[in-house]
Amino acid sequence: MPQTITTSPAQRSARQARVERTLTYVDAICEATDQEMERDPSVLVFGLDVDDPKAIQGTTRGLLEKYGSGRVFGTPLSEDAMTGAAIGMALAGLRPIHVHIRMDFLMLAMNQLINVAAKSRYMYAGKVSIPLVVRSMIGKSWGQGAQHSQGLYSFFMHVPGLQVVAPTTPYDAKGCLIAAIRNDNPVLYVEHRILHFHNGPVPANDYTVEPGRARITAIGQDVTLVGISQMQSECQKARLYLEEVGIQAEVIDPIWLSPLDIDTIALSVEKTGRLLVVDNGWVCCGASAEIITQVTERLQGHRLFRTRRMGFAPVTCPTAPNLERLYYPDGRTIAAAARDLVEETRTGWMPRERPELNSFVFKGPF
Amino acid sequence: MFERLYRSLYRIRRLEEAFARVYPSDKIKSPVHLSIGQEAVSVGICEALRSDDVVFGTYRGHALYLAKGGEMKAMAAELYGKATGCTRGKGGSMHLISTETGMMGASAVVGTTIANAVGYAYALQHKGRDAIVVSFFGDGGSEEGVFAESLNFAALKRLPILFVCENNGYAIHTCQERRQGRPDICARARAYGIPAERIEHNDVLYLFERARALTAKVRAGDGPYFLEVMTYRWREHVGPNNDYHLGYRTAEEAIPWIEADQVKRLESMIPPQRCQQIQEEVEAEVDAALAFAEDSPEPELAELYTDVF
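Keeping their order, the protein sequence lines are chains A and B. If you count by numbering that gives the first Met the number 0, then the first sequence holds residues 0 to 365, one letter each, in order. If you count by numbering that gives the first Met the number 0, then the second sequence holds residues 0 to 308, one letter each, in order.
Just so you know, these hints were derived from the structure itself, not from any lab. As the structure is a prediction and not an experimental result, all values here were calculated from the model. Quick reminder that beta carbons are idealized off the backbone N, C-alpha and C, glycines included. Any given hint might turn out to be false.
Unchecked claim - To be clear about the criterion: a stretch of chain A counts as covered by chain B if any three or more of its residues have a C-beta under 8 Å from a C-beta of chain B, and this derived list gives those stretches:
{"hint": "1", "region": "76-82"}
{"hint": "2", "region": "109-119"}
{"hint": "3", "region": "125-138"}
{"hint": "4", "region": "154-164"}
Bound-form chain B, shown alone (with noise of 0.2 Å):
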């Protein structure tokens, strides 16, 4: 399990470093919002699901798409603007998808998903199936009316959903406190009659843990559940760079949570040698997939009418 979580993250980790270094080239035809340092919560999460089970994120997706299973070359592809890309070069870094593996899209407005994945648990519910839907979304997507609604419709039918909300603290530059009378979000969601719990720090195996055995429980049929995770982005709001310069956030604040990086924490769990192996496959994919994007052809021009209608 320890290898499973660890691959995962490194991963992610390892591509968002490699998107953040060919950034400055121009490669890359795309904004990146990169989770690094929030990767714990989609891996922790995902890796208690099962395929059939369906997923809805961010345009902080990055994280999201990969632990779900996504195709790494074709997201890699689909932020150089390439033919081979998830989307075709028609979505880009924030809308990344993956049908086959469960991931059901990402939304540049933010709180946008909430309502999408509702609607997704109620079809499962209506068909009597036993998958379930995870919806993922920040801080700042507690603070749009859709979340209110949504979670107020998931509580009136029951819905097979687990909501999850990546809490980094920051909406771009302004922090929760600065947003929100209460800052207290799973107050809001125990408002409409939703069990909630806080996680107050980015521990994988805590949120796996925890999310073996809620998802069972929702999975169950016990309606929905509500996780607050506290996390922390690590890099500017979208770019590749740091940007503590900026004022809003201070480089101490980061310090403890770089020093509870997950992924440092993992290979600490694992033998040095299957750690060292690990690592090489996951650079060679990271490898591959960046000369995947590179080499792949772009789109066709004709690609710019297809699946209008």
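Okay, chain A solo, but in the shape it has when bound (with noise of 0.2 Å):
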């Protein structure tokens, strides 16, 4: 076994540049891509609007301005071909960002997502690579409903030749992107909606922050909290609770979903003996079932540890405030899970909310 990581590399250079700037996760985003299309004259950027005034809540904006509308454009609402175009773009040197404002719209690409992009590389020997970024969008709240609300990046885990990489920070957000355009296999970049409005530190050079390498943000001896896209933030959340009643959280990001880092969360396990994966999605045949699976072939047969998942409750996401709040774990509901996972028993505790926590509240129109 590997030596327990507790910083990662990305956290280490992020030191070491003595970060004193801030950005949000928008901004981090544009500047990635702005960077990126700077560097490399093969960058390009399109989707739905991304060269319409709002520029994609501002993560594209000024790129059609510094690049013009050879590599920054609009398309028609065509994501199946467009995404196609991406592929044979990819095939032709250029290296494509395909955006899409909402995950649920790349339902409209599965063909070419899963059976051309994914493949290539594999059925044509190597021949050829198709460098494509994928970036979308998970909404959450104000009545995003059933088809602006999904988390569906387990559907791309599930297939061979496709990474997949869910960043929570503004930093993550900008070094994943980099890392993520100057790949050669397809990666799809899942943004979301209530990260977006994020600040933190973001160092001003380029850097990457590279794929199979999880984070720990924060460190306890009790149980292994895993939260996965917006889920990290209500995972942080929980912690604070769970230090009211004197349980410390090890907390993990695993940023890169495919390949996943199960070496960091397996030594956490090891280390906790409690494992709590909490997902931004669905639970069945999820990024959880997935962690949790890995976790114990790893640890089998010579650590004993308890383990639940938490998610999306199995059903479509409904608009109703009170509703969508049953809907979503929270900082409390995954605070009470994990306090039952430590003392072995249903304790019945919630704990009570502590409204300073919620420091954002997204409140649309989108």
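Each chain sits in its own coordinate frame; assemble them with the hints.
Written out as structure tokens, the structure reads:
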């Protein structure tokens, strides 16, 4: 087994850079795109509304003016063909970034993503590669509802030939996007609309957060919380609630879902003996199932541990605020589940809500 | 020119006939969708292309691969599942590729490569190259949503692409009239603002002549163009045999197409001695390709895990 990793290279380099500057997640994406487009003329970005006045929540702001309509353009509402076209561009030596303002829209592009992008390198025996980045956003709250809220990355984790990343901080948003653009494989880059508004330290230089390295975001001894996408924020809140009852949670952000850094998670579980995976999607056949299975395969026979997964309620996302609250795990329900896991009983405990932890409330419209 | 066209047609015909002959032995480890009867479309168009022009095709892609210059040995070995195949035994008959000669791939999912071809054309235009792309697909492909989306984008950006719809009248066993409310594929292309014409017969010389004129227009920056070429598949959808016994089409329907066989036609236009010489060379090439396929090693087991990422 490898040594326990408590800081990732990215964290170390962030410290070394003595980061003072903060950016939002949105601005971090925009800066990453800008820097890569400047560095490499083969990078181009397109998708519905990429060049409109709202510039995809600001993530593509200024790029049209700087790089022109040949490299930055809005597309017809044709997710299927535009994904296929992106693959064709990649075959011709370009490095396209295809943007979708909701992950749900990727369902229109599945044939090209699964049957062509993921397969080409293998079925053509390495004669071609598809350096394609597909950006998409998961929505949440303010009535996003059935078709604007889905976290469908496990579909893509299932398929060899695709890489999947779901950064949760502005630092990783930039570093993962640069890594994805430089990657010769198709990469599904999963954003979350709520995370878009988060602020955090972001170095001004270009840097990469490479595939296959998870990050330990809080150190603890009693239980391992793995939080994916926006559930990473909820796990951080849960950690604070758990402190109230004397439980020290270790929190891990997988960052890259494919390839998964199972070493870091398994080492943490070896220490804590308890694993709670909180997914930003449904539980059945999801990322949480994969993580827990891989940890089990790694640890069975030499470390007993207890485990649980949480995710969206197994229903379609409703729009009424009270139902929607019930649909998602949150800091309190995660803390309650983690405590039960630690104490090996149904304690019935639910922490009293601390409004100061909900520093950001999304009010739409989009 | 006649000799070039004849050689190209004859190579495809004879290699596929050899495949059909060998098929019952199970040496070919791949489904085969034979082009026999349809060779003229790939040959007529590809003869008008430059080596840096690019084509995308379909699972019925043997003819296109060979017509665009793909190596015969590598193709035969691919069908045999051998390490020397054009994709080292990982793509098979339905995913032939020859990047060196501009055959950029084929899909087993109908219509899929139309969009890939359009994207490639965007890249060529963006880079200021004067190479062009030809997208080959069937009448069935024209029913997929990706067809409409791709044509719209090609028209919007005035891309350097020639669309070639190889209309053999059937999607597997279902004729065009039972699938399309208005069986006029050119009309759908024109609706997107793409000039279109239908070539009613499988005439390789006429195809070549039109392809030469149209590729020049596309290359000059006139935007996309659409060709629908009527042709006919002589054998079954997949496999080496005839399928007239199935009843979805009649043997009589095939007669005019077989009588207008372009291989025979070109043969009659070439001096007999030259013809015989070409035939002998091609027969030797086909024999050598099959022997090469048969003698080649299987892929190493480690190959299973290479080129995933």
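Checked hints:
Given as covered by chain B, the region 76-82 of chain A passes the check, having 5 residues with a CB less than 8 Å from a CB of that chain where 3 are the minimum. Three residues within the 8 Å Cβ limit are the bar, and the region 109-119 of chain A against chain B gives 5, so the coverage statement holds. Coverage of the region 125-138 of chain A by chain B holds. Counting CB-CB distances below 8 Å, 3 residues qualify, and the rule asks for three or more. Counting residues of the region 154-164 of chain A whose beta carbon lies closer than 8 Å to any beta carbon of chain B gives 3, which reaches the threshold of three, so the coverage claim holds.
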